[in-house]
Amino acid sequence: MNEKRHMGLRTLNRISNTTIYILLIIISIIWLLPFIFIVLQSFRVESTYQVGYVIPHEWGWQNYINLWNSDFKRWYLNTFIIALAAAVFITIIQLCMSYTLSRFRFKLRGPLMRFMLILGMFPGMLTMIILYRVLSDLGLTQANAVPGLILVSVASSGMGYYVSKGFFDTIPKSLDEAARVDGATRFQVLYKIILPLAKPIVIYTILTAFMGPWGDFVFARYVAFGTSSGYNVAVGMYSWLTNDQIARMYTTFCAGGVIVAVPVTILFLCLQKYYVEGVTGGAVKG
Amino acid sequence: MKHYSDLEFLRLSKGQRIGYKIGSFFYGIPRAIAGLFIKLWNLLKAAGLTVVREIQDICATFVKGDWKTKISFVIMGFGSLARGQALRGLLFLLFEVVFIGYMVVAGGHWLSLLPSLGKLGPTSEYNLVLDTYTTVYHDNSFKILLYGVLTIFFIIAFIYTWRVNVKQNKISEQILRSGKKLKGSKDDLRSMVDENFHATLLALPMTGIMVFTVMPIVFMVLVAFTNYDGAHNGFSNNLFTWVGLDNFNTLLSWSAGSGGGQSYSATFGEILVWTLIWAFLATFTNYFLGMGVAMMINKKGIRLKKMWRTILVMTVAIPQFISLLYVGKMFARNGLINLSLMNLGWIKEPLPFWEDPTWARISVIVINIWVGIPYLMLITTGILMNIPADLYESARIDGANAWQQYRKITLPYMLFITGPYLLTSFTGNMNNFNVIYLLTGGAPTNPAASGAAGSVGYTDLLITWLFKITTGAESQYYLASVVGIMVFVVVALISLVVYNVLPSIKNEEDYQ
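Chains as they are written, first to last, in the numbering used here: chain A, 1 to 286; chain B, 1 to 512.
Because the hints were derived from the structure by calculation, they are not lab data.
Please note: incorrect hints may appear among the correct ones.
[Said to hold, decoys possible] BS3-like mimics (lysine-lysine), calculated; alpha carbons at most 30 Å apart, straight line: (1) Lys143(B) / Lys68(B); (2) Lys173(A) / Lys186(B); (3) Lys199(A) / Lys306(B); (4) Lys186(B) / Lys192(A); (5) Lys173(A) / Lys183(B); (6) Lys192(A) / Lys45(B); (7) Lys167(B) / Lys107(A); (8) Lys192(A) / Lys170(B); (9) Lys273(A) / Lys300(B); (10) Lys300(B) / Lys107(A); (11) Lys186(B) / Lys45(B); (12) Lys143(B) / Lys107(A); (13) Lys306(B) / Lys107(A).
Everything numeric in this text was worked out from a predicted model, so none of it was measured.
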């Protein structure tokens, strides 16, 4: 009797595991297919528009050559510069902010955090109009959009301190206190004790800050509007899918997508461990 | 409404319990609102009291203080300088000189124009040199509003600094009276990396937030009370001016819009309802399906856990604009899906993924699931693994099946931990510009809403509508600003309600 019941459970378990495997395989296919399609279509030569089949009839590098001959190089460079600058400055600013709010108990801390919470409830898009006017007064729009975009994204990045604050909260405070008793200043505590421990979150912040600009679209388009040399990849490639260009540029868009996605994805996969740690550790605690 | 005690409540049937809970929720709303007003009133009262106390303190400091303190009321930092705190004194003095200089040179001018936002617009004047009529620009409403706001910020900062300066004198006097020594400039500098290290660290980020977030928000909120738009851009065509609450009237009025069709309030209501539905569905479909995928991968006996996760995580790395634009085009009328299905002979006509309102709405939600699940999978995986295993163990011994275990252990635990995340993700989805704009651009167009600014579509959220108003032909910035304020009000209300319900937000220190 007992044996039979045991067998029953095992078959049940096997059935449920098989179902899960099937589901996981279906899920993986659904999630990967669009990206496989995009790669295949970037090599399609016979038609530059959407077609009703996936595997190209004629293979070739024509779309990548088109890409090389377009403004894409400039857009790529623009985005890369923005991403690098963002990775450096946003990381510094966010770490300053989150470390302070996690570690120090000063009079204005509570009001400050509530204030930023309320600020975050305003749709950021609202401020686009005035930021554009201010940037254009400074001469940082259109062809000079790159420094303008860096300035704006870095300046308001302090608001996104939540994830790294969640991480700093998990480092025991007794470490700080021990060092303080030994006569270290607050600065020395940060520099010598916290920073080495905070490596995962530093890498997480650098990674997300670097990846952000590759998808930055609305404000970038607003700031560089109409001037191709100030575009980033998102804005530039969006223009290829507008009604008057899509028939000519669709496969070129696919090639561009591959060129943009491959380096970012490789970087991401290499640093995946830190990203997962950051997301699971910090994102939820808020 | 009758209030049940715990015991009475437990005696009710399941249906009655639900009815009672819903009833008491609605019954409690007036009290909650009243409570809000009482809180607000108490806050105001506390603020008033603080001001009175500060003024009393300032007067007392003046009356009791020595001559150095008294001079400091006019010449900031004099007291500090006279008592040997050179660095502090100089900074105070410098700030005062800069402030007065700015007010005389520019601040006063901007402030005086702020109530009118400029009197003289561009005029056509005879130019002797060129012998023609040329346009001469005078006041610039945009600059007046901008610099006016900045000047007010500056004045507030000055008042605050002045108050700190007075307080400094009082404290210094107390310290000297008790026979101790004052801190010198060297100590002040050292405190920047020690006791006051937080101020040093926050200086740069907060300056950025003040200039590039707070100031623009204040400015744009003020724009809601003006008639700033493409035809009144404040400089090259017409000045704009204060119009009071007119714009709020426009958005909330029931009369038909300018181009015929339905009223603004009807359009606004429709978009708001869809925005809320979208935010709700987008948040919870992602949440539960993501949790489901995570649980499948986590299940004991499933192999290659790392591979399944990596496959999903990879899609997080690919910039959203590529995946969204590509998938959006894939489902288009002449896109890959429709063409393939027609090639296979399964359908005769292309499926109206983006042409039919209902299809389009379902499509954006489904594609959003595709976008969101990997991220949710990551978040929930970590938490699921943290649930103490003995909970499940004892549940199994008590004979609970998998569904019961999920209902009674997993779900409550998850909801408790991820409560704050769910809230931010809900409000984030309300403002999820990218998914909607890159997939549909708001299409299909809603013909009934043609009277409203921008071409409103069935999948438009408030945020994409705001964008369309801003970039549309008439550039009705004032209306965009009103919509933005409305978004804020809705988000704030929802957050406020949820905040008071959620258990896990209440005590921040519990997590540390």
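Tested hints:
no., hint, verdict
1, Lys143(B) / Lys68(B), "violated, 41 Å"
2, Lys173(A) / Lys186(B), "holds, 29 Å"
3, Lys199(A) / Lys306(B), "holds, 23 Å"
4, Lys186(B) / Lys192(A), "holds, 23 Å"
5, Lys173(A) / Lys183(B), "holds, 29 Å"
6, Lys192(A) / Lys45(B), "violated, 46 Å"
7, Lys167(B) / Lys107(A), "holds, 16 Å"
8, Lys192(A) / Lys170(B), "violated, 38 Å"
9, Lys273(A) / Lys300(B), "holds, 22 Å"
10, Lys300(B) / Lys107(A), "violated, 49 Å"
11, Lys186(B) / Lys45(B), "violated, 41 Å"
12, Lys143(B) / Lys107(A), "violated, 35 Å"
13, Lys306(B) / Lys107(A), "violated, 46 Å"
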